[in-house]
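**Student:** Sequence:
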Amino acid sequence: MSIELSEQEVFRRQSLSKLREMGIDPYPAALYPVDNYSTTIKAEFKDEESGKPVCIAGRLMSRRIMGKASFIEIQDTKGRIQVYVSRDDINSEAQPEMYNVVFKKLLDIGDFIGIRGYIFRTQMGEISVHAQELTVLSKTLRPLPIVKYKDGVAYDAFEDPEQRYRQRYVDLVVNEGIKDIFIKRTKVYNSMREYFNNQGYMEVETPVLQSIPGGAAARPFTTHHNALDIPLYLRIANELYLKRLIVGGFEGVYEFSKNFRNEGMDRTHNPEFTAMEIYVAYKDYNWMMEFTEKMVEKVCLDVNGTTDIQVGDKTISFKAPFKRVTMIDAIHEHTGIDISTMNEEELRSVCKNLHVEVDASMGKGKLIDELFGEKCEGKYIQPTFITDYPIEMSPLCKRHRTNPELTERFELMVNGKELANAYSELNDPIDQLERFQEQLKLSEKGDDEAMHIDMDFVRSLEYGMPPTSGMGIGMDRLVMLMTGQQAIQEVLFFPQMKPAPSKSEVEKTEN
RNA sequence: GACUUAGUAGCUCAGCUGGUAGAGCAACAGACUCUUAAUCUGUGGGUCGUGGGUUCGAGCCCCACCUGGGUCACCA
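Note that my numbering gives residue 1035 to position 205 of the first sequence, counting from 1, and the numbers run on in steps of one.
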């Protein structure tokens, strides 16, 4: 059983056969000696250089045929350039039908072609390439969506998000600006690497498959190792492994960590996402705040050349330093209530009065966290460090040097969302074990996201970890901010999707 | 997971109080040697997401399912 090809697909397959009949390989093996790019030619051209030979390659994206001469647009990796193709220039003794048959009949929009020619300026003033030789480089069998542009405005853009994400390759080819988002994504990574490497910190790799999914509170993906016959989990964080490396004697280590969490999906959550975590010995969270704001400012400058970013209708300034507010002050500021001396019962009634939903399993720390989350978090649009979180919420974080109910923790809030999270790391092995045991109690109370106990990690602390500060930052969210995107799907090449109902595309055949 | 909204030609979209489908671009045939959303003439292309139901008759009404988007809940 075969599924019928569309009319346009049938025509393209016929063109493919005809090319072969004419002795033209539609998928040639030899390299094509490209020596220029569309936008480079346009940027660097000077009129006295008219006639300079170039060799370019790319997709044929539009055609304006006027009898014996045509203008086409070639799209290469950097952009588009217009090419003038005339019959008498590209026909040759070997291929006298190059223009009338190959170019006009057998080529389609989307096909890869190579052009040898020279640069010139048209009568309308557009810098173009005058073709002297046309080479078929790869024939396309499916029609691309046709998006036309005039003065930067797209007409009939390919914009169904389902199709754009499922077929990102098409999105990247036809929609202007999509590639730029991903180019910026890589610039963000490069800028951050440069920042860390310049200070002597080392990029490392730690296990993705873990037998205890530690370092964060989240539901993991589960898998199974056949040879060992044990369950394994895709990591939800890499924190505990990086700290083991600090125990081992590295002064600063960092990792861009693809993490996996088996939770809901929406426009700020994808089941696999990237966090960058860095740990530096002999530092504390105050040092880390400065380190973080300088990093974010540098990244923003490197990527955008400015510290002001437009996200939706808001302008966000990443100019360091960022504002710092303790969590208790934040709650005071946004509710008018001072919770600093309250016990669990008093907090519970505050939540009730403010209509913040709570349940019986929540302890004092969780209640404060809920209050902050409901009443404050969304208010911090400009980058702001929220500091000194309750101890129950932070089982891997060192107790605050002046208040044992709090921890030396900060989160960086931007655009009403958490962007980064950092601690003065807990390095007291006895305290760490007790905190893990508290988590176990929470788990028995019904909290299915409480942390697992990792005894090997505790053992490593018993061997001694220097005072250390660590910081994690959500790379996808950072890229969203740096590119002004409002959905995580827009900054991931291939966001997670439910499999589309298959109509056995593979069975498609001609006839 | 809940609510809501959508799925019609390769793409972007119309489609009346139910009477078995239209446009632009793309495609095909033709004209045109400086066009640029090229233009002009002509032509073809659709199991209207899938499966049921109501009806003389369903793209439209009803039910179920599939796959998106949005809002909420949980989370980074």
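Any given hint might turn out to be false.
[Stated by the list, open to error] Just the calculated beta-carbon pair ranges, DEER-fashion:
{"hint": "1", "residue 1": "882", "residue 2": "982", "range": "57 to 63 Å"}
{"hint": "2", "residue 1": "951", "residue 2": "1093", "range": "53 to 59 Å"}
{"hint": "3", "residue 1": "1099", "residue 2": "993", "range": "29 to 35 Å"}
{"hint": "4", "residue 1": "925", "residue 2": "839", "range": "42 to 48 Å"}
{"hint": "5", "residue 1": "993", "residue 2": "1233", "range": "52 to 58 Å"}
{"hint": "6", "residue 1": "1326", "residue 2": "1136", "range": "31 to 37 Å"}
{"hint": "7", "residue 1": "1234", "residue 2": "984", "range": "42 to 48 Å"}
{"hint": "8", "residue 1": "924", "residue 2": "1328", "range": "48 to 54 Å"}
{"hint": "9", "residue 1": "1039", "residue 2": "1093", "range": "27 to 33 Å"}
{"hint": "10", "residue 1": "894", "residue 2": "1039", "range": "26 to 32 Å"}
{"hint": "11", "residue 1": "1024", "residue 2": "954", "range": "19 to 25 Å"}
{"hint": "12", "residue 1": "1055", "residue 2": "1191", "range": "29 to 35 Å"}
{"hint": "13", "residue 1": "839", "residue 2": "881", "range": "28 to 34 Å"}
[Unchecked claim] Cut-off 27 Å, straight-line C-alpha distance, at most; resulting in silico cross-link-like pairs (DSSO-like, lysine-lysine):
{"hint": "14", "residue 1": "1247", "residue 2": "1128"}
{"hint": "15", "residue 1": "980", "residue 2": "1088"}
{"hint": "16", "residue 1": "1014", "residue 2": "934"}
{"hint": "17", "residue 1": "1182", "residue 2": "1144"}
{"hint": "18", "residue 1": "848", "residue 2": "908"}
{"hint": "19", "residue 1": "872", "residue 2": "1088"}
{"hint": "20", "residue 1": "1209", "residue 2": "1271"}
{"hint": "21", "residue 1": "934", "residue 2": "876"}
{"hint": "22", "residue 1": "1205", "residue 2": "1149"}
{"hint": "23", "residue 1": "848", "residue 2": "882"}
{"hint": "24", "residue 1": "1088", "residue 2": "1328"}
{"hint": "25", "residue 1": "1149", "residue 2": "1247"}
{"hint": "26", "residue 1": "1209", "residue 2": "1144"}
{"hint": "27", "residue 1": "980", "residue 2": "1014"}
{"hint": "28", "residue 1": "1017", "residue 2": "908"}
{"hint": "29", "residue 1": "1209", "residue 2": "1153"}
{"hint": "30", "residue 1": "1182", "residue 2": "1017"}
{"hint": "31", "residue 1": "1128", "residue 2": "1182"}
{"hint": "32", "residue 1": "1182", "residue 2": "1247"}
{"hint": "33", "residue 1": "1009", "residue 2": "898"}
Bear in mind the hints are in silico, worked out from the structure with no lab data behind them.
Just so it is clear, CB atoms sit at the ideal spot from N, CA and C, and this is done for glycine as well.
**Student:** Are the hints correct? Go through all of them and say.
**Tutor:** Evaluation of the provided hints:
1. 882 x 982: 57 to 63 Å: 28 Å, violated
2. 951 x 1093: 53 to 59 Å: 57 Å, holds
3. 1099 x 993: 29 to 35 Å: 22 Å, violated
4. 925 x 839: 42 to 48 Å: This hint is violated: roughly 26 Å between Cβ atoms.
5. 993 x 1233: 52 to 58 Å: 54 Å, holds
6. 1326 x 1136: 31 to 37 Å: 32 Å, holds
7. 1234 x 984: 42 to 48 Å: 59 Å, violated
8. 924 x 1328: 48 to 54 Å: 52 Å, holds
9. 1039 x 1093: 27 to 33 Å: 19 Å, violated
10. 894 x 1039: 26 to 32 Å: 55 Å, violated
11. 1024 x 954: 19 to 25 Å: Since residue 1024 and residue 954 have Cβ atoms about 43 Å apart, the given range 19 to 25 Å is violated.
12. 1055 x 1191: 29 to 35 Å: 34 Å, holds
13. 839 x 881: 28 to 34 Å: 41 Å, violated
14. 1247 x 1128: 20 Å, holds
15. 980 x 1088: Cα-Cα ~40 Å, so violated.
16. 1014 x 934: Roughly 38 Å separates the two Cα atoms, so the pair is violated.
17. 1182 x 1144: Measuring from Cα to Cα gives roughly 32 Å; hence the hint is violated.
18. 848 x 908: 31 Å, violated
19. 872 x 1088: 39 Å, violated
20. 1209 x 1271: Distance ~33 Å between residue 1209 and residue 1271 Cα, so the pair is violated.
21. 934 x 876: 31 Å, violated
22. 1205 x 1149: 26 Å, holds
23. 848 x 882: Status violated; Cα separation ~34 Å.
24. 1088 x 1328: This hinted pair holds, its Cα atoms lying about 20 Å apart.
25. 1149 x 1247: 18 Å, holds
26. 1209 x 1144: 13 Å, holds
27. 980 x 1014: 25 Å, holds
28. 1017 x 908: 16 Å, holds
29. 1209 x 1153: 13 Å, holds
30. 1182 x 1017: With Cα atoms ~46 Å apart, residue 1182 and residue 1017 exceed 27 Å; violated.
31. 1128 x 1182: 43 Å, violated
32. 1182 x 1247: Holds, at about 24 Å.
33. 1009 x 898: 35 Å, violated
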